[in-house]
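S.K.: Sequence:
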Amino acid sequence: MTFRWDPSGSARLAFNAEMEAVNSRWENPFQQNLNQNLIQLQQWALEEELGSSLFFRAVELIQTMKPEELEFDDTPELYTLLVLVLLLEKEEQDGRICVSQSEILDSLNEALEGLKLEHEIYSREALTGLLSSDKSGWLIGGPETELPLILEANKGLFYFRKSWKLENSSASLFLKKADSVFQIPDENLLFQALEDILLRHPVRYKEDVLKLNSEQFLAVFSAAHSSLMFLSGGPGTGKTSITVCLLRLLKRLGLATHPMLAAPTGRAAKRMSESIAASLRSIQDLESLDSDRELLESTEASQTLHRLLGFHPGMGRFQAHEYAPLEGDLLLVDEASMIDLALMQRLLRAMDSKLPYLSPVRQMILIGDSRQLPPVKSGAPFNDMAFEESQIPSEVADRFLRLPKELMPQGNFPVHRSSSRAGFSSVHLRLSFRQNQSDPSGRSIQAVADFLRNPKKDETFGSLFDPSQQSKESFFCIRDPQDFRQDRVTLLEQQNSVEEMSRFCRYWANRYFSDSQICELLQKTYFQENLESHHEEFKQIIEHLNAFRVLCLTKVSSTGTDWINRSIEQHSPFHIEKERSNQPIPASPVICTRNQYEFNLMNGDQGIRLKFASKNPNKIEVKALFQVEGQFKTFYDQQLNSLELAYAITVHKSQGSEYEHVAVILPNEESNSEGRESDKGFRELQNLEMLYTAITRARRSAIVVGQRQVLKKALQRRVKRLSGLIHLFSGQDKDADNSSQTFPQCIS
65 MTFRWDPSGS ARLAFNAEME AVNSRWENPF QQNLNQNLIQ LQQWALEEEL GSSLFFRAVE
125 LIQTMKPEEL EFDDTPELYT LLVLVLLLEK EEQDGRICVS QSEILDSLNE ALEGLKLEHE
185 IYSREALTGL LSSDKSGWLI GGPETELPLI LEANKGLFYF RKSWKLENSS ASLFLKKADS
245 VFQIPDENLL FQALEDILLR HPVRYKEDVL KLNSEQFLAV FSAAHSSLMF LSGGPGTGKT
305 SITVCLLRLL KRLGLATHPM LAAPTGRAAK RMSESIAASL RSIQDLESLD SDRELLESTE
365 ASQTLHRLLG FHPGMGRFQA HEYAPLEGDL LLVDEASMID LALMQRLLRA MDSKLPYLSP
425 VRQMILIGDS RQLPPVKSGA PFNDMAFEES QIPSEVADRF LRLPKELMPQ GNFPVHRSSS
485 RAGFSSVHLR LSFRQNQSDP SGRSIQAVAD FLRNPKKDET FGSLFDPSQQ SKESFFCIRD
545 PQDFRQDRVT LLEQQNSVEE MSRFCRYWAN RYFSDSQICE LLQKTYFQEN LESHHEEFKQ
605 IIEHLNAFRV LCLTKVSSTG TDWINRSIEQ HSPFHIEKER SNQPIPASPV ICTRNQYEFN
665 LMNGDQGIRL KFASKNPNKI EVKALFQVEG QFKTFYDQQL NSLELAYAIT VHKSQGSEYE
725 HVAVILPNEE SNSEGRESDK GFRELQNLEM LYTAITRARR SAIVVGQRQV LKKALQRRVK
785 RLSGLIHLFS GQDKDADNSS QTFPQCIS
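First residue of the sequence shown: 65, per this note's numbering; consecutive thereafter.
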């Protein structure tokens, strides 16, 4: 079979021709010359949501690489290898950087049996032989080759070459960072610095002095001994408290003279900056502490990773790299579980200065929750290396034994392993403080979250719905929202039809606007010229705004944010005001959907529309109120041009936020039914990580709305992202002492 090539690109030509082309003069040699098997494969690719563009790209790859004597019409193996390429394309499309040899063989066998192409169907044994024989040697090779598909035989992993190079580069840079010479601070200086930040000049929360528990202390202590550190933990485990303490410690030890603080999103960077600044300002004698005042100035400069790396959207390039490196001695990144592999590699390159007059960034600390949703794009490097069992350098254990008695935290130190690299540590936090443990509702959310974090193998989650179960880790099932119990994580069982969703939206609106004092504040007209005089009123409104949130998996359909926002707004007591003017409805919560640096508003920032009077008292305008750097500011919708209603937001948008009361909306059964083009991708969104992320946004109450069978199927679906990085610091180094250890009893 012979293909006629076109200078505009054969894949693009074929794709354009398949669509209803505007320009009929385009000729499609690919489409005209496809035999029955290839037509069948094209249809299969469409059903698998790969699209014709990827299909023709895969055909072009096979056609370009194959020996000249091989043709599709008389070489059955070419179809098998084409399916292999398409399956790997699908894995990458789903965010996976690689796939195991065993899994790809199963998928390949299943796909070929389902396709029933006009040639012999390979058995698993025959497929194994094909992929490791000379018959595929022109397409598949080891890491030392330049072939497009890479098989790492020792790990049993298949990659596209570009993905393998990306992961291999990242692994080398991670190892270089973990093995870099890190000057461990003098022991006496270390103990004095710890005493200074924890005893003499502690951070305060309200009237209480911050006291670290044993696992939090381990994290702070490890930071002083690690060139590369991963800190993981669920919501409310004290990651912000630890961040403040380790920054103060490293500053006093001379290890953070020029710290850089960043996060994947503008909202996350802003929240980190605000939280750290608030903690530092709580120190009673801050004015007399030069190091803390300098640190306060540094935290106000936190930024997104893209801005830190100098990303140019128009060119699609990063300005920072090894020959134009970052300048600083510490990089601390929050919400690191959201970083994909390509961005992580860019970050590592920018830290690894190749300039003779500028040293590489000495220390990297990554903070996040490894059980939350993985990155949108391929790879999940934080999740690969943030271990459930802490790993710390042996130096930490030795020094702990010499800690002064007054610095000893209460209880036992967590079980841990000795790190396989002297400069690497990974600390996992388990104890949560977000949910009030004296509050039954807080205990229930925490119990369900713990259950979801570590489900047993082959867990069916039946116990979560057993009516005889009275444990706080089970769902309390109801059929009427009026029966909602705030002391338990609740499942409102309904089909989520349009009528039922409308009923729920009315219930949620009534709940949202149930406080008469808040409604008075929302109804009030404020004076634009004197915003500061309304500070306390605005503060109450913002607190109420952050108390309620509906979380959806998508923006579309009657279970998505767009429909639910419109429905709740229609049930708002302020909806009638829209009929009186062409202005937006007051009392509506809004969210910023892109970074707007000129106003210091970030993607994910949330505000509320209120009525304001200008100098002309007869002219009342509806404007959006936001809290920016501790001050309240107002904006017209036309100024921002990126506002959306925020009664309901997607789970992805909620990452890094917390609310008092959360409702999680599941898609209805119709959305999960067979026969729709987007069914498979839609179902893929329904997974345990998505639900864990959503439920743990709540501090006091969480209600899941939908069918029990949809919830159970979602809980049984995990996001699987295989990676060669998993074994990078897994503690399986033959020279490392990897036995689990426990520190001696601390002071009780």
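Check the hints yourself; a few may be wrong.
As the list claims (entries may be wrong) - Keeping only pairs whose Cα atoms sit at most 27 Å apart, straight-line, the calculated BS3-like set for lysine-lysine is:
| id | residue 1 | residue 2 |
| --- | --- | --- |
| 1 | K154 | K603 |
| 2 | K603 | K675 |
| 3 | K441 | K469 |
| 4 | K180 | K240 |
| 5 | K154 | K240 |
| 6 | K697 | K683 |
| 7 | K679 | K619 |
| 8 | K226 | K240 |
Derived by calculation from the structure, the hints in this document are not laboratory data.
S.K.: Are any of the numbered hints broken by this structure? If so, which, sorted upward?
M.R.: 1, 3, 4, 5, 7
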